[in-house]
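Colleague: Sequence:
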Amino acid sequence: MSTRPTQSPTDSSTTRDRRRPTSYRWRVVDIVVAAVLGVATGLIFVAWNVVGYAWFTAMDALTPGIGGIAVGIWLLGGVLGGLIIRKPGAALFVELLASVVSMLLGSQWSIETVYSGIAQGLGAELIFAIFAYRRFGLVVAALAGMGAAAGAFVLELFVSGNLAKSPEFLVIYLVCLLISGAILAGLIGWLLTRALAATGVLDRFAAGREVRKLS
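In case it helps, the numbering used here puts the sequence shown at residues 19 to 233.
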């Protein structure tokens, strides 16, 4: 007589799901939700163009470069897109769309806002790609925020003239950018994803199902 435990249909289905290769093809629901995320994040950017820039200016007045600590919210779109959609291009798409919305609604940096969206989105995208779009925990979220911050730093060397500034400024600014990216984009993006998932609105996504299973 066999003593092997009987595997239920549910267990078998779960096993098959885990073994099934991740599909990188975008669904219609992916496109729709990514667009909604981009617009919503763009509206957050519009508010942060006032509040965040005031914080940036105040901090920079204390010590040049420390203003970078306020930049993280402008990096949020890429992190959210990557954590929720989990497909190649999602981080770039959401961050870029958010920057376009911000520009169209009167960003004081005009077209440079879109350049920032591209650089920051690519920075976050690179991190998700390094993990093959298979890991989406807090550490990866923080790294994605830091990747977006690195993208912003490189862009600003040229479009903002930072390349001509002192090494001390560049070091302080980069460190503050990375910290801000990890916390204001990474941690907050991760928490927002979990909060949205808990409501059930992300049940069509792995990000939503994972959180709902734990609750």
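You may find that some hints are simply not true.
Quick list of the computed label-pair ranges, beta carbon to beta carbon [said to hold, decoys possible]: (1) 213 x 186: 36 to 44 Å; (2) 122 x 47: 19 to 27 Å; (3) 152 x 49: 32 to 40 Å; (4) 228 x 49: 15 to 23 Å; (5) 49 x 150: 20 to 28 Å.
Bear in mind the hints are in silico, worked out from the structure with no lab data behind them.
Quick reminder that beta carbons are idealized off the backbone N, C-alpha and C, glycines included.
Colleague: Which hint numbers does the structure go against, in order from smallest to largest?
Modeller: 3
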